[in-house]
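There are 2 protein chains.
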Amino acid sequence: MFMPVGTQATVKGVLQRDLEVELGIQILLANTYHLYLRPGHEAIRRLGGLHRFMNWPRAILTDSGGFQVFSLNSLRKVTDEGVLFRSHLNGDAHMFTPESVVDVQLAFGSDIIMALDECLEYPATHETARLSARRTVQWARAAWQHYTGLGETASSLFPIVQGSMFGDLRAECARQLVELGADGYAIGGLSVGEPRALSLEMVEATVPLLPRQRPKYVMGVGLPEELPEYVARGVDMMDCVMPSRNARNGCLFTSRGKVVIKQAKYRDDPSPVDEKCPCYTCRGYSRAYLRHLFLAGEMLFATLATIHNLHYYLDIMKDLRQSIVLGAFPDRLRVIRAAPGGED
Amino acid sequence: MFMPVGTQATVKGVLQRDLEVELGIQILLANTYHLYLRPGHEAIRRLGGLHRFMNWPRAILTDSGGFQVFSLNSLRKVTDEGVLFRSHLNGDAHMFTPESVVDVQLAFGSDIIMALDECLEYPATHETARLSARRTVQWARAAWQHYTGLGETASSLFPIVQGSMFGDLRAECARQLVELGADGYAIGGLSVGEPRALSLEMVEATVPLLPRQRPKYVMGVGLPEELPEYVARGVDMMDCVMPSRNARNGCLFTSRGKVVIKQAKYRDDPSPVDEKCPCYTCRGYSRAYLRHLFLAGEMLFATLATIHNLHYYLDIMKDLRQSIVLGAFPDRLRVIRAAPGGED
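Protein chains in written order, with the working numbering: chain G, 1 to 344; chain H, 1 to 344.
Where hints are given, some of them may not hold.
When chains are identical, the list treats them as one kind, so a pair holds in a single copy or across two.
Claimed, not checked - Dumping the calculated BS3-like pairs for lysine-lysine here, alpha-carbon to alpha-carbon at most 30 Å:
no.: 1; residue 1: Lys-276; residue 2: Lys-265
no.: 2; residue 1: Lys-318; residue 2: Lys-12
no.: 3; residue 1: Lys-258; residue 2: Lys-276
no.: 4; residue 1: Lys-12; residue 2: Lys-262
The hints are simulated quantities; they were obtained by calculation from the structure and are not laboratory data.
Make the full structure from the sequences, and use the hints.
If you want it as structure tokens, here you go:
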């Protein structure tokens, strides 16, 4: 499955009804860091939880906030207890601990909650990565202890494997986390600027050590052509801002490559973004109209483009799921790998 | 009827399907000036006309471009032949003539096209207004002659009554335009900063002189509480950016007055914008969520707020139409006028 990103309890520009009915999305990702700061997890709890707050009846996964604390905050202090950071909104000091981010996500009522992890910049030395992965394991144990101590909840907690770009550290981290017996496992700290071959190598070093029957989730990936490669390596879940962010920037994914909508060649183009696409956007709107909306700075462009790009991603995943169910995944992967990509 | 404004071939933030299915809108207004400059009327003609371009199967009225030329352009030159102006996009010089704006709107394939008119600032002297109304009549005659000379078209041309805030000039202008025998008539040059009593007075000076069987359209009005007043004076059609623009600015209309969504009192408010409203927004989303989206700068706020405000306007018109059909309009008007308004 691919999870569209709804950072602030909204997938930017798309109505929840269209996410549900038009796109058939089963699970969204929302960001703990952002929603903790605004409107606050206690406000969301008082309002009946995140599902009710954002009018989303299906599943929600919230990240741990770790990635945002480490990427949006230049001023932060990490200790064994947790991480002290300043709000990017107003500079207020806040502390995330393994226990507190479990509580925050339980206040949201998220279906899948993530354990606090430390995210390193790329590149990092082996020693830095080793200490960081060790801390992530300690935090995951603390989170797990806190979570299981609360008794039965409706949420599943996923620990996150770290270890930067070192296969031995990834493997060691995975082995230690597996001892927790969690409902699923994530692989974090990828898509941070490393070459794609290295991301895949880290996944290969990790996935075989994770429980075969439990979902395996690679965070923050990827490009459309990368999705089948992760699936081929045993990955079940992915999320990425790419389909929605690229949409807003005027870049549309198609079966024949990218369409950069501002290009003059689309000025009089009456055809849809992708002739083969059955999405709402492609059913009713031309490239010429989309280009007009984009150049005019109209919001509707983001809506139509995001609907298309999300449909494109979800369609890839649907195709892969079907081939797996039919026992035809290896053949399908060969066909996909042989297909020409590039600019339309 | 109330026509939502879709300046650049989109009602900002709302999908055409929601305008059609969710809101039941029968007719939209689009702006000749904007669409002439970008993407251009010839491009729209090549793409199959405005309905197809913007994926809107129902009626479209386009204004004459006159109002925008006079409000968006400080550099312009008016002659008997037309108006020379500079594009607000790139400074290029363009000329609108009574004939050319008919041609532009026929290229769009608009269902209702408007004759070029001169719009004055408020206040204007009687002499300035007299000369300007005379020019508007001359232009309307030229537009009419050009339009009828083209033979049968699928579009109706409406001339526009001007005359600033002088009842005698409005009446004279109306009498002269009625001689054309057009399918409908508009009253322009209102909502330009004058007191509301004066706008209504100008409508009262004009409507009785227009053909009873033909639609009468007051351009650019109004506030929710003004709509019944115009209808009471014989007005059939109105348009205004207010529901959509106010929505984007965080101001929502309700049966109990305005909701200014950024106010702190809505922070934990689980109720919909308007308890009595059956719109998509009020069916699924709380004031607290809308406030969160607004403060977070999320596009979805504009979408949800615009859907609500348009529904509110359209509902007022529906209520008025029903009371007219039932022969109960005078009673209904009394009830409406007695209802308390103000801030919720």
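Hint by hint, here is what the structure shows:
In this assembly of identical chains, Lys-276 and Lys-265 lie within 30 Å of each other by CA distance solely inside one copy; the values are 20 Å within and 49 Å between copies. Taking the shortest alpha-carbon separations for Lys-318 and Lys-12, only the intra-copy value of 23 Å comes in at or below 30 Å, while the best inter-copy value is 32 Å. In the homo-oligomer, the alpha carbons of Lys-258 and Lys-276 lie at most 30 Å apart inside one protomer (14 Å), although the nearest pairing across protomers, at 46 Å, exceeds that limit. With identical chains, the CA atoms of Lys-12 and Lys-262 are at most 30 Å apart both within one copy (20 Å) and between copies (19 Å).
When the structure is compared with the earlier hints, no violation turns up for any of them.
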